Structure formats: structure tokens, C-alpha cells
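A.B. asks: Okay, here's what each chain looks like letter by letter:
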Amino acid sequence: MNYIPNILFAIALIVGIGYFAKNVKKLIRNIKLGHDVDANDHKPQRWKNMAKIALGQSKMVKRPISGFLHVIVYLGFIIINIEVLEIIIDGLFAGILYEDHRVFLSILPQSVYGFLIASFEILATLVFVSVVVFWLRRNTLKIKRFWANEMTSWPKNDANYILYIEMVLMVLFLVMNATDLKFQAMNSGNVISQFIAPLFNGFSESTIHIIERGAWWLHILGILAFLNYLYFSKHLHILLAFPNTYFGRVEPQGEFDNLESVTNEVKMMMDPNIDPFAAQPENTEAPAKFGASDVQDLSWVQLLNAYTCTECGRCTSECPANQTGKKLSPRKIMMDTRDRLEEVGKNIDANGGTFKDDGKQLLNDYITKEELWACTTCNACVEACPVSIDPLSIIMEMRRYLVMEQSAAPLELNNMMTNVENNGAPWPYNQMDRLNWKNE
Amino acid sequence: MSNTLKVPTMAEYLAEGKQPEVLFWVGCMGSFDDRAKKVTKAFVKLLHRANVDFAVLGTEESCTGDPAKRAGNEFLFQMQAVTNIEVLNAYEIKKIVTACPHCFNTIKNEYPGLGGSYQVMHHTQFLKSLLDEGRLTIEGGQFKGKRITFHDPCYLGRGNDIYEAPRELIRKLDAELVEMKSCKSRGLCCGAGGAQMFKDAEPGNKEINVARTEQAIDVKPEIIAAGCPFCNTMMTDGVKAKDKESEIAVMDIAELIANAQDL
Numbered sequence: 001m002n003y004i005p006n007i008l009f010a011i012a013l014i015v016g017i018g019y020f021a022k023n024v025k026k027l028i029r030n031i032k033l034g035h036d037v038d039a040n041d042h043k044p045q046r047w048k049n050m051a052k053i054a055l056g057q058s059k060m061v062k063r064p065i066s067g068f069l070h071v072i073v074y075l076g077f078i079i080i081n082i083e084v085l086e087i088i089i090d091g092l093f094a095g096i097l098y099e100d101h102r103v104f105l106s107i108l109p110q111s112v113y114g115f116l117i118a119s120f121e122i123l124a125t126l127v128f129v130s131v132v133v134f135w136l137r138r139n140t141l142k143i144k145r146f147w148a149n150e151m152t153s154w155p156k157n158d159a160n161y162i163l164y165i166e167m168v169l170m171v172l173f174l175v176m177n178a179t180d181l182k183f184q185a186m187n188s189g190n191v192i193s194q195f196i197a198p199l200f201n202g203f204s205e206s207t208i209h210i211i212e213r214g215a216w217w218l219h220i221l222g223i224l225a226f227l228n229y230l231y232f233s234k235h236l237h238i239l240l241a242f243p244n245t246y247f248g249r250v251e252p253q254g255e256f257d258n259l260e261s262v263t264n265e266v267k268m269m270m271d272p273n274i275d276p277f278a279a280q281p282e283n284t285e286a287p288a289k290f291g292a293s294d295v296q297d298l299s300w301v302q303l304l305n306a307y308t309c310t311e312c313g314r315c316t317s318e319c320p321a322n323q324t325g326k327k328l329s330p331r332k333i334m335m336d337t338r339d340r341l342e343e344v345g346k347n348i349d350a351n352g353g354t355f356k357d358d359g360k361q362l363l364n365d366y367i368t369k370e371e372l373w374a375c376t377t378c379n380a381c382v383e384a385c386p387v388s389i390d391p392l393s394i395i396m397e398m399r400r401y402l403v404m405e406q407s408a409a410p411l412e413l414n415n416m417m418t419n420v421e422n423n424g425a426p427w428p429y430n431q432m433d434r435l436n437w438k439n440e
Numbered sequence: 001m002s003n004t005l006k007v008p009t010m011a012e013y014l015a016e017g018k019q020p021e022v023l024f025w026v027g028c029m030g031s032f033d034d035r036a037k038k039v040t041k042a043f044v045k046l047l048h049r050a051n052v053d054f055a056v057l058g059t060e061e062s063c064t065g066d067p068a069k070r071a072g073n074e075f076l077f078q079m080q081a082v083t084n085i086e087v088l089n090a091y092e093i094k095k096i097v098t099a100c101p102h103c104f105n106t107i108k109n110e111y112p113g114l115g116g117s118y119q120v121m122h123h124t125q126f127l128k129s130l131l132d133e134g135r136l137t138i139e140g141g142q143f144k145g146k147r148i149t150f151h152d153p154c155y156l157g158r159g160n161d162i163y164e165a166p167r168e169l170i171r172k173l174d175a176e177l178v179e180m181k182s183c184k185s186r187g188l189c190c191g192a193g194g195a196q197m198f199k200d201a202e203p204g205n206k207e208i209n210v211a212r213t214e215q216a217i218d219v220k221p222e223i224i225a226a227g228c229p230f231c232n233t234m235m236t237d238g239v240k241a242k243d244k245e246s247e248i249a250v251m252d253i254a255e256l257i258a259n260a261q262d263l
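These protein sequence lines map, in sequence, to chains Z and D. Numbered according to the UniProt record's numbering, the first sequence spans residues 1 to 440. Numbered according to the UniProt record's numbering, the second sequence spans residues 1 to 263.
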């Protein structure tokens with residue numbers, strides 16, 4: 001008996017999934033570098049958000065063309081995975097527990113199996129066409145959001161590599177079916193592959209069999225390679241969109257969080273019974289840092305946001321500051337946060353598990369003040385994101401750091417704040433004049 | 001001719017041992033900005049017309065802290081918030097109406113966590129409820145058949161999902177409501193939010209208020225309706241920048257309704 005293919009398959013599977021699992025662990029470790037926030041309240045609302053936004057693609061279709069194409073690729077991705085399950089079972093056990101590949105054929109009635117494969121073939125074709133259109137939109141139509149400043153060579157190539165991999169996987173799947181002579185002879189479910197099969201008419205049966213085996217192997221190895229490419233690409237959204245929409249914002253978008261560390265200090269200042277000269281109790285914690293200058297100052301939800309971003313740029317194309325030529329791009333905020341987080345993660349790996357100061361931080365080295373001060377906090381980016389990413393919250397945390405830790409607000413804003421502090425209005429008017437309008 | 005409006009304060013109400021139906025939170029723009037003061041007065045006239053028992057805080061009102069918070073100064077925001085909450089709670093305020101979406105959002109969403117929970121309404125919501133209760137009638141008057149486009153304030157629309165109340169009021173004027181290219185949840189900001197009102201914009205190739213005004217001009221309105229004093233200023237400036245003052249007026253919804261009735 002020849003078990004070598006089964007053994008090779010098992011090794012490929014273990015290596016492929018094992019390496020991916022190792023990177024997922026790293027990903028979770030990096031996300032947990034963020035400080036803790038409670039994102040487990042409003043559970044019914046959160047499940048609803050995930051069902052609607054991630055599973056139901058409700059925000060994707062707000063832009064009908066790309067939304068529709070994306071729904072096809074998304075459905076294809078999910079449904080064709082049933083076929084991958086069969087491939088895995090066949091790869092491990094065909095020739096050992098049973099003779100021929102296509103194990104589902106021995107379980108399901110031929111008509112049901114044919115129906116399943118027919119739908120996979122149609123979806124595979126639609127996915128292929130959609131991916132080609134995606135490629136054309138990116139590279140030929142040069143849609144503006146794919147050519148913004150932050151879309152340097154790597155993000156552009158990364159996006160194209162993903163499209164190429166998807167095209168190749170779909171072609172391999174169809175070729176695999178077209179060259180499976182037994183499957184073609186069955187003449188059930190080969191709705192697309194029957195038109196590819198004649199291409200191989202002149203070939204000998206053994207050559208066709210080799211092509212079939214080749215396509216089968218390349219298809220599954222390609223899927224494993226793609227799985228492992230995810231971590232190194234912008235494409236993690238296919239997995240992280242689900243937790244990200246679950247942990248996304250449930251409060252009204254206009255509501256910004258009240259910093260608890262500030263609340264405690266303000267309460268102390270307002271409490272007449274507190275003795276300002278009382279000795280500090282022993283072992284008090286160091287005062288919290290206000291706002292964020294690096295990724296560790298952000299929350300784990302914000303870091304999850306960064307890994308979820310697939311750089312579609314809908315946020316940036318809706319941003320009023322970006323539309324009017326300012327440097328701010330919400331997508332760049334997310335890409336910078338992710339890139340810095342990756343850098344910090346690699347630093348931790350290289351230094352035996354602890355972060356060694358590298359003299360860099362998210363503020364200034366990645367995100368400049370000019371970008372931060374261009375934001376109007378209008379929430380257009382938050383609204384536009386198809387997977388509930390909140391770039392605005394990161395901008396706000398960094399403004400807080402600039403103002404409260406560095407007193408580095410623009411001069412005009414300092415004037416405004418001085419006015420609020422002294423006379424309860426952003427302009428130098430006397431609070432005693434607040435009702436003068438009624439007599440004017 | 002005296003223009004004095006009857007505007008009772010909470011202090012006066014307390015002295016008489018009475019509690020008003022609603023507190024009108026005027027806001028800094030509504031108190032001090034010449035353009036916004038007209039909106040404040042128009043709204044007060046409508047409150048009188050509908051026999052609403054209201055009061056203001058007057059000299060006891062202070063900035064909600066919104067611009068400080070959005071600028072990143074959480075300290076100043078919370079100091080303002082806690083001070084205001086003390087005043088509001090001392091007067092046992094239950095219901096607040098304001099013509100400023102920034103004040104509205106801050107008091108409604110950010111004060112509860114600091115000890116101040118009230119029922120807060122934007123003035124367009126409040127006017128809509130007066131209409132529904134039959135306490136206020138709206139006539140088209142001079143605005144009948146006029147082309148009006150509504151500019152969604154970010155902190156009313158996206159911030160708090162309120163898109164319909166202002167639009168229903170405009171429709172009640174028998175006006176022709178036209179929508180801009182970006183409207184409702186995709187409405188383009190006027191450029192004033194997030195404390196931008198108080199500083200120059202960062203370098204770019206256009207002012208945001210001009211970009212938004214261009215979107216409005218595209219639908220050829222006679223009036224751009226606003227629901228926020230900041231948007232009102234920005235859109236007015238935008239119309240001036242495009243030399244369209246003689247053709248397009250920028251007006252708050254409260255002004256539209258008050259003017260339609262010659263109040």
C-alpha cells in the first residue's frame with residue numbers, strides 16, 4: 001500500500017496550520033499589549049452588530065459596485081470551503097479508509113453532490129470574474145482611494161498579490177474538476193468544468209490524471225499558503241472582521257469616553273473635605289499617563305482595529321480633511337498603528353519577551369501632529385468603515401497626550417481653552433453677559 | 001420699540017417655588033455670537049407661541065466643555081461638566097432643550113457618566129414634538145415652494161442618528177426639500193467640529209466649508225437650512241466665499257418656522 005501521499009498531506013496540513021497558529025498567538029499577544037477596556041457589555045447589541053455588519057455585509061453594500069463584488073467573493077470564500085473540507089478528508093484518508101477521492105459522493109446522493117459542486121463551480125467562476133474586476137479597478141481605473149499617499153509600493157503590491165492568489169486558487173479548483181475523468185463522466189455538477197475539460201482532449205489519460213493531481217495538490221497547498229500569508233498582509237479582515245464588529249462601538253458615535261483617571265482627580269479637586277496637604281499613602285501607583293503617544297497606551301480594541309483594517313480607504317475618501325487636501329488620512333492612522341504594533345512585537349520577540357526602548361513611538365515617528373490637528377471629529381470615517389473600525393478614537397487619544405502631557409496644543413486652541421477656563425465660553429466674553437441677548 | 005423678550009431664569013423660577021417644563025440650554029454661540037443670537041431669539045418666540053413653560057440658566061450657564069474635550073483637554077472638559085452638573089442638579093432639572101448639537105451631544109451622552117442624567121433634546125426634535133402634540137402649528141408662509149436643502153450637523157446626524165426631525169419640519173413649511181450629494185449618514189462636515197472653529201485649518205487645497213457649500217450650490221437651493229450655530233457660521237462664510245449671498249440664505253430651522261409665522 002502506498003500511504004506516502006497521505007503522510008505528505010498530513011505533514012503539509014500540520015505545518016500549514018501549525019505555523020498559522022503560531023502567528024495567531026503572536027497576534028493575540030500583540031493585541032493584548034493594549035490596556036484593558038470592557039467591551040462585553042450590551043451583549044445582544046454586539047451579536048446583532050456582528051451578524052449585521054460582518055456576516056450580513058450591511059456596510060459593504062453602501063457602495064453598490066464594490067459592495068456587490070465583495071459579497072460574491074465573500075460568499076464564494078465561505079461556501080467553497082465546504083469543498084476544502086472534502087479535500088482535507090480525502091487527503092488524509094483516501095486510499096486508507098476508502099478507495100476513491102470525493103468522499104462526500106459516498107455519503108450524499110449523487111444529485112445532491114452534483115448540486116453542491118455545481119454551486120461551487122458557479123461561485124468559483126463568479127469569484128474569478130469579481131477578482132479580475134477588482135484588479136482592474138485598482139490598477140487600470142486607478143480609483144483614487146487606492147492611489148492615496150499612504151498607498152506606497154508594499155500596500156499596493158500586497159493588495160494585488162491577494163487578488164492573484166485568489167484568481168489562481170479558483171482556476172485550480174476548476175481545472176481539478178475538469179481533469180477528474182470519473183467526475184466528468186458522472187456528468188452531474190460539472191456545469192462550468194465541462195467547458196474546460198475539452199482543452200485536455202488530446203492528452204493521454206495518465207497525463208490528465210497527473211494534471212488533476214497537480215491541480216488538487218496546488219489548490220490545497222495554495223490555500224494553506226494563503227492562510228499563512230494573511231498574518232503578513234492587510235488581509236486579516238477575513239477573520240478579524242467578526243470579533244472587530246462584535247467589540248466595536250455600541251455607544252452613539254458622538255459620545256467620547258470620559259477619562260476615568262481625570263475624573264478621579266477632578267473629584268478630588270472639587271471635594272471640600274479632602275486635605276490637599278495630606279501625605280500620599282504608601283505604594284500609590286504612578287499617576288496614569290493621559291492619552292496615547294505609543295501603541296501600548298491604546299486599548300486592545302483599538303489595536304484589534306488596526307489589525308482588522310484591510311486598507312480599503314473608504315474612511316479616507318469620506319474624510320472632510322482629506323478631501324480638502326489636508327495630510328490627515330484615517331486609513332493611514334490605522335496602518336501606522338498596525339505597523340508600529342508589529343515593530344513593537346518584533347522588538348519584544350528579539351529581546352526575550354520584554355520591550356526594549358527603541359527611541360521611537362507612534363506619535364511623531366509615524367503619525368504627525370499636523371495629521372492629528374486636521375481632524376474635525378465628524379465621525380465620517382467611523383461611519384464609513386465596513387468593519388466597525390474607529391480611527392477617531394485613536395486621533396483623540398493622541399490629542400489628549402499632546403494637550404495634557406505636553407501642553408502642545410496649537411496656540412489658538414490654548415486661547416480658546418483659557419477663555420473656557422476663565423469665563424466659561426470659548427471667547428473672551430464675560431459670563432455675567434450671557435443673558436444680554438434678550439434685551440438686544 | 002423695545003425688543004425685550006420674556007426669558008425667565010431658573011433662579012427666578014426657584015424664587016417663586018416653581019419648576020419649568022423644560023430648561024433651554026442656550027450655549028455659548030447662542031449667547032454671544034451675533035448670528036446665533038438671532039436663532040436663540042427665534043426659538044424663544046416659538047416657545048412662547050407654543051406656551052411652553054421654560055427657563056434658562058442665564059449667568060449660571062457655562063460652556064459644556066465640548067470644544068475642550070475635542071481639543072484633547074479632558075481636564076478642562078470634566079471641570080466644566082462637573083460644575084454645570086452641580087448647577088443643573090441643584091435646580092433638579094429633568095428635561096433640557098438646546099439649539100446646539102454640540103451642547104446636545106455632550107450633555108446627553110457625556111454628562112451621565114459624571115453624575116448628570118437628563119432628558120436632552122435638540123431644538124428640532126423639541127419643535128417636532130410640539131407639532132405632534134398640536135401645541136405648535138407650522139405654516140409655509142414666505143417659504144412655501146422654496147428650494148431648501150438641509151445640512152446635517154455631524155453631532156446631530158452621525159453622532160446621534162437624528163436625521164428626520166429637522167427634515168420633517170422643513171417639509172411642514174410646504175417647501176421643496178432637496179438633498180445634497182452627501183447627506184444624512186454620509187453628510188459632509190462643515191469643518192467647524194472638533195475645536196476646528198477656534199483655529200485655522202491645517203494646510204490643504206481648500207477650506208472644508210467651501211467644499212460643503214459647493215455641494216449645496218450644486219442642488220441650487222434658495223435656502224441652506226442649518227441646525228447648528230457652528231454649521232450656520234461655516235455655511236454663511238462658504239456662501240460668501242462663493243459670492244452667492246444674494247441668491248442663497250443660510251437659516252436655522254427655528255428661524256424658518258418663526259419667520260414663516262412673522263414672529
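Just to be clear, a hint being listed does not mean it is correct.
To be verified - Pairwise CB distance ranges (calculated): (1) Asn364/Z <-> Glu21/D: 37 to 43 Å; (2) Ile28/Z <-> Tyr163/D: 38 to 44 Å; (3) Gly141/D <-> Asp365/Z: 40 to 46 Å; (4) Glu176/D <-> Ile143/Z: 33 to 39 Å; (5) Ala288/Z <-> Gly115/D: 49 to 55 Å; (6) Glu179/D <-> Lys48/Z: 25 to 31 Å.
These are computed hints drawn from the structure, not numbers from a lab. This one's a predicted model, so the numbers in the text were calculated from it and none came from an experiment. The beta carbon of each residue, even a glycine, is placed where N, CA and C say it ideally should be.
A.B. asks: Find the hints from earlier in the document that the structure breaks and name them by number, from lowest to highest.
C.D. replies: 1, 3, 5
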